[in-house]
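Q: Each chain, written out:
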Amino acid sequence: MNRLFKWLLFGVVVALAPLIADYFLHSVHFTGGTVPNWHMVLIKGELLLVSAAISGAGVGELIGTSRDWLPFKLICGGSCIVILFIAVVLYTGIANDVRLGTNYDKTALVNKSIWIFIATFVAALGCILAAED
Amino acid sequence: MDTLVIIALTASIVSLVAGTWKFYKAHSIKQAPTKVILGQNY
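So the sequence lines, in the order shown, correspond to chains A and B. Sequential numbering from 856 applies to the first sequence in our numbering. Sequential numbering from 166 applies to the second sequence in our numbering.
Please note that a few of the clues may not be correct.
Unchecked claim - If we take Cβ atoms under 8 Å as the criterion, some of the chain A residues that face chain B in the derived model are:
| no. | residue |
| --- | --- |
| 1 | F865 |
| 2 | V867 |
| 3 | V914 |
| 4 | C931 |
| 5 | C935 |
As the list claims (entries may be wrong) - Per the computed footprint, the stretches of chain B lying under chain A, defined by three or more beta-carbons under 8 Å from a beta-carbon of chain A, are:
| no. | segment |
| --- | --- |
| 6 | 171-181 |
| 7 | 185-192 |
Worth flagging that the hints you see were computed from the coordinates, not collected in a lab. Glycine residues also receive a C-beta, built at the ideal position from the N, C-alpha and C atoms.
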C-alpha cells in the first residue's frame, strides 16, 4: 500500500501539477472574453504528455521487482506500454498540427486525451498493484 | 469513439484485472495460516 500512495502522490499529482497550476494562473489572470476552463488548458494535448509520463512510471515500478507472478507483471507492463505508444502517437500528431498551423478538432482532442488519461491511470494502477510484494 | 481510445481502455481494464488478481492472490497466500500436522512424518 505504501507504493500505491507514493505513486498517487508523487506520480500522478506531481505530474498533473503543471496543468493544475496553468488552470489556476489562467483563472487568476484571465482576460475578458475567455472564461477559464479545462478545455483551454488541455487544448494542445498536454494531458497526453502527462499520460505518457504516468504510464512510463507504472512500467518503471515493475522493473526490479521479483520474478514471482511474472505473467501478471508482463500483462500489466505490456498494457501500459501499449497505452504509452497510443499517447505518444496522438501527441506527435497534434504537435505536428500545431507546428504547421493546421486546423484540428480541438474538442475531440480534449475528449480523447481525457479518455487516454483515464486509461493510463487505470493501467498504471494495475502495474502498481502487480508490483506490490 | 476512436479506435485508439477503445484499444487504450481495453488495455487498461486488462492491466487492472491482472494487477488486482495478482495482488489479491499474493496477499491471500501470504496471510493464509500455516497448517502444521503433528506427527505426520512419524
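Q: Quick one: which hint numbers does this structure break? Sort them smallest to largest.
A: 1, 2 and 3
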